[in-house]
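Colleague: Chains A and B supply the protein sequences, listed in that same order. Offset between the first sequence (1-based) and this note's numbering: plus 37. Offset between the second sequence (1-based) and this note's numbering: plus 1428.
These aren't lab readings, by the way, just hints derived from the structure by calculation. Where hints are given, some of them may not hold.
Some chain A residues flagged as far from chain B (calculated, every beta-carbon gap over 10 angstroms) [claimed, not checked]:
1) 144
2) 218
3) 238
Just the calculated beta-carbon pair ranges, DEER-fashion [to be verified]:
4) 1520/B - 348/A: 42 to 50 angstroms
5) 1534/B - 308/A: 18 to 26 angstroms
6) 1534/B - 409/A: 52 to 60 angstroms
7) 304/A - 1475/B: 29 to 37 angstroms
8) 408/A - 1644/B: 24 to 32 angstroms
9) 1473/B - 282/A: 31 to 39 angstroms
10) 1493/B - 487/A: 36 to 44 angstroms
11) 279/A - 1545/B: 32 to 40 angstroms
Computed from a predicted model, the values in this text were never measured in an experiment. We put the beta carbon where it would ideally sit given N, CA and C, even for glycine.
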Amino acid sequence: MRRLGLRARVSAGFAIGALLLSASMALVSYELTRRSLLDERERTAVRAAYFDAAVVRTGLDTEAPDVVEVLRSLDTGGNRRPLLHRGDDWYGRTADTGLTAAIPVELQRLVRDGEPAVQRVRVNGQPTLLVGLPLAPSTSYYELTSLRELDQTLRVLALALTAVAIVVAGSGAALGWYATRHSLRPLTAVADAAQEIAAGNFSARLATTTDPDLTRLSTSFNHMVDQLSQRIERDRRFAADVSHELRSPLQTLSAAASVLARRRDHLDERTATAAGLVADEITRFEQLVNDLIQLARGDQPIDRAPVDVAALARRACQARGLPDTLVRADRGGADRWLVDERRVEQILANLVDNAIRHAGGPVAVRLSQRDGTGVVEVDDEGPGVPPRDREAIFDRFVRGRAAHSRAGGDGTGLGLAIVAQHAAAHRGRAGVGDRPGGGARFRVELPGVLP
Amino acid sequence: MTGVLVIEDDDRIRLALLLALEDEGYRVRGAGTAEEGLLMQRREPADNVLVDLMLPGLDGFECIRRLRRDDDVPIVVVSARDDTHDIVAALEAGADDYVVKPVAIKELSARLRALRRRARATHDPVQVLTFGRLEISPDAGEVRRAGRPVPVTRTEFRLLCELAEHAGRVLSRQQLLQRVWGYDTGDERLVDVHVGRLRQKIEDDPGNPRHLVTLRGLGYKLTR
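Given these sequences and hints, build the entire structure.
Modeller: Written as structure tokens, this is what we have:
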């Protein structure tokens, strides 16, 4: 399961806390109210029962008393119902059924033995308070007081308290959500600034704040960005300086080597061989310097514009003495891709050079397009790339095994790393697989080529 | 023999270029500063000038501007810097071409040859091509706007003639690079900056060109 976000967790915590608090408050107050109401009611009922019992006793204190008439003379209202147990007979005001059955035997015995008793019972499903009072050795007076009203009151109270608890819990959650929004606002600002910086805007900073809790965050964040942009600027300048400092002596070497090459015929064999070696290595060194500069600049933002990639591919082939019929552009897609022209030019050049160097030349350069992603594929009929090397060949200074064993590889070992970097700059990727029918198929995906 | 002036502050590079270009059949002179180079060019004009951008005293950009003020000699920048900013600034200052060090001597020689070429004589028997108030005489090497001569460099003139010959038709940047600068594949910014420079000279409102128009993604064309 996905972990909940900080805000959701804090809000849930607030809600649970509020619910626990309000629920226990509600329970306690319900219980206290219930008890005090019941006690109150019980006291009233008992008082009334004693009074009624006194009336009944007086009424029975005549000869041949009419028990039912005595009971009827009681002013009991609608809530109290008297019962008289005399000898083995039960007397009531009306033919109340089930009343006598509701009086527990235990209680009857207690009252008969001369002990007044109070008990809560259910009569016909109604909560009722039963008060039993001894009148004479064989006469017991009972009074049943209905607690229905009280019960209803308590039910309404319970409902109200539950509703309050739920509302309080909801308010807790809302409070948590609101509070976290405020307390997380600095984090959102940090995230926004970081995103902007990652996109290349090094002037993005956090607004300075007077809040003592946040000052440290904003100052240290801004300090970090300052340091970072300084370092990047220093690196950029260093790369520019290095490229300048390396290229200048190379110009001397290159021009001097061409002077030597022109006089090759006048040199003795040993000197001519040495001069040839120098010239070859100068060429390789030039290539290496150019590739290193390319790599050093690879993290610069890309400059997308509509580019006729098929024409670029044809030019890349022509420049290497290959027929431009190798280029097969998918007819379905758009003619122009939104890409960084220089980078794509280099991707094509490096893939074609790679095929020439390791596989005797490309047999096809294919351009296609699917869902806005431009795909460049360069096929060769060489030995292919074994699966375990397919990741590593895109690393820097890795050359084909065949080239290694020949020990005379003229590549810089950076060509495919540059391809991968340029692909990544377009948020795409570079890879290699098997070509159906033998050989390798290098594939570069460049997303976002449609406007 | 074609004369080349090399303005380069690095003694070793200057010497090596001098030796190698002499092998290619040029008569080469070297200058270590922009001031010295400007003086030499004024006294005894060379047919081509090679300029480095990082020079002590006057920098390469200013050197190009002053050379351009005097004449239309083809200027090639030979610099180790290849920032877009530097390239565009050097071309806007008036350079005809830009190569990044290290450049092979054969390549450099080819660049110089391409820039020295004269505009081809048109097959059109009409000697003057007219575009509104603009008149181009390919054979005379003249451009006039409203009867007044417009000073253009040799490269600008060749570019204009190329577009005028194909009046009303689009030429892609690569086609122009090939025909004017002799590149098989080259830097399209060369074309863009030269077109910009030409517009400054031949258009009434360079920001809103009437004759030398851009067709986005396709190239340029000259219209009447």
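Colleague: Are any of the numbered hints broken by this structure? If so, which, sorted upward?
Modeller: 4, 6
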